[in-house]
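In order, the protein sequences belong to chains A and B.
Residue numbers are given in UniProt numbering: position 301 of the first sequence equals residue 301, and the series is strictly consecutive.
Residue numbers are given in UniProt numbering: position 149 of the second sequence equals residue 149, and the series is strictly consecutive.
It is possible that some hints are incorrect.
Which copy is meant is left open, because identical chains are indistinguishable; a pair holds if it fits in one copy or across any two.
Straight line, CA to CA, 27 Å or less: simulated DSS-like cross-link-like pairs of lysine-lysine [stated by the list, open to error]:
id	residue 1	residue 2
1	167	121
2	121	145
3	174	16
4	298	167
5	16	121
Don't read these hints as lab results, they were simulated from the structure.
Note that the structure is a prediction, hence the values are computed from the model and not measured.
Take a look at the letters that make up each chain.
There are 2 protein chains.
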Amino acid sequence: MASEWDIIELFTRNLKLQGDLPLGDDAGAIRLGDEWLVATNDMLVRETDVPDIMTPEQVGFKAVTMNVSDVAAMGAKPLGFLFSLGIPADIDTNYLEGVARGIGEALEFYDVPVLSADTNKADDLIIDGMALGRTERLLTRSGAKPGDLVCVTGDVGRALAGLLLWKNKMDVPKRIREPLYEKLLEPRARVVEGMELSRYANAAIDVSDGLSKELHLLSRMSGVRLEIDVERLPIRDEVIEAARMLGVDPIEMALTSGEEFELVFTVPPEMVTALQMDFTVIGRVENGAGVYITTDGKRTEMPLLGWEHLEGGLNGTYRALFR
Amino acid sequence: MASEWDIIELFTRNLKLQGDLPLGDDAGAIRLGDEWLVATNDMLVRETDVPDIMTPEQVGFKAVTMNVSDVAAMGAKPLGFLFSLGIPADIDTNYLEGVARGIGEALEFYDVPVLSADTNKADDLIIDGMALGRTERLLTRSGAKPGDLVCVTGDVGRALAGLLLWKNKMDVPKRIREPLYEKLLEPRARVVEGMELSRYANAAIDVSDGLSKELHLLSRMSGVRLEIDVERLPIRDEVIEAARMLGVDPIEMALTSGEEFELVFTVPPEMVTALQMDFTVIGRVENGAGVYITTDGKRTEMPLLGWEHLEGGLNGTYRALFR
């Protein structure tokens, strides 16, 4: 079996024509008059991507969210959704009905029409979604500028904390479990925030593979150095409590947790007050390279932690080829 | 297992928001200023969709063709292609490389950039493709008008003739086998013709599921009656010879053959001379309902023949949900 990197190399070598924005961002983009048309796709495979506590409604909803989130990370307003289903012969009709309901609920939640759908026989349940969006100003991973502040929406860490509680069959109080499972099972894309950011931010990326990975991508693609303050990371108390119970470092948990669908962005300091949304400043952009993190006055290089490092088997997908 | 129709019903019930063109055409569409943005998706599953004589290059090329063909049937110029791959753990790297090469060749052939790609573990090789297009004037399945001529590009029947030769392991002369296999293994989308037709035609559809099915769809969605002359159907001699060897009616073979990717369209008679492309007039549009076919002066209702009727197992996909 070829490694993930072999596969990426193999395809990039054979695909010469690209859109007006080169491959490597949250979504592809082409110019249409004064605007950008943004397009992205993301496949969900039940066997590898879905914990068994997830309801079919949550599965359907998430298949939409993961695509809409990539559109939001480009600063675009979602325009439409398409999906292809692979359906195993022995699927339970009630399960399928739940998936359909979840997709329908998500499309209403994000106010996005479905443009096309296709269904096929397959060995496992597969939902391959695609979302389109439009924006006058595109947010990319490569736009961060020295002097910008590094910010993030919402909080980070709950998805992985919830996943590890579930995998380790930990019995924890409801007040801890609920907010963690909510983020694990019902994450929401930051659509309104993405549109607001398209007016002010210099760069953005959504947290699909963990904050650490996204920060490293931002740094590398923008050719800048990022300085992050540990004290500023928005980590909820429930994540810290769960991490302690699991014997895991809560900071490492927060930096590793994927599929959070929060937006990480950089914005000039003078623009910060203009932003009509909730977010946390977690650091700043400097000249140079790499991602550094300061804890109690001690500055170290931030390790490139991935979703797969802490939790192994469950999410065994080769993460998106060209993102 | 739910039937195909149960699945379609189940999803349509749960998906309320649709694009500016309702579901049910070759592709979905939304208005963008003075233009239409067209979007479509179609999944190819190796186990059910790929004859074993098909090279990986042909598989990759076809995954692009089937999507671009739907864009062409809407009269749109292809803008971009996206794909998600499901890759089994035991796949041969050379095979995957061939698929990548085929996708790359097709994108160059149709001059379409790739906008986004995603790869995941799956039990079988899956290529889920999506194509975008734009056009000032949209061609739909519902625009046929009484008085129009019914026309088709190219010829019909070769794909199924080739498939049946292969399935029945028939030994036939190369001069017969080659043109049939060419259409089966290397079909091409009618992109230039689709763009030309967007200026003149009233309705169009591509031949995915067989001419008979497409004519019935055109008739039903346009609310018109179609009168087809058997003598005018563009059927190549090799199809007639293969049908005789197989003991199959060549007309039935031509009407049933799917994945031909020819365009069936209706056009006002006075526009026919303006069309700068090759095509054949096969009948006319009248007031009323249904599809009728005249053979040697004898007029009968055209049966609704499907790809699956003649060849059974191979293409066991539930054909596109909403097309």
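Hints, one by one, checked against the model:
Proximity of residue 167 to residue 121 under the C-alpha cut-off of 27 Å is restricted to the inter-copy arrangement: shortest distance 21 Å between copies versus 30 Å within a copy. In the homo-oligomer, the alpha carbons of residue 121 and residue 145 never lie at most 27 Å apart, since the shortest distance is 48 Å inside one protomer and 37 Å across protomers. In this assembly of identical chains, the alpha carbons of residue 174 and residue 16 never lie at most 27 Å apart, being 52 Å within a copy and 35 Å across copies at closest. In this homomeric assembly, residue 298 and residue 167 never come within 27 Å of each other (Cα to Cα): the closest approach is 33 Å inside a single copy and 70 Å across copies.
Within a single copy, residue 16 and residue 121 get their C-alpha atoms only as close as 31 Å, which misses the 27 Å cut-off; across copies the closest is 24 Å, which meets it.
Comparing the model with each earlier hint shows violations of hints 2, 3, 4; every other hint is respected.
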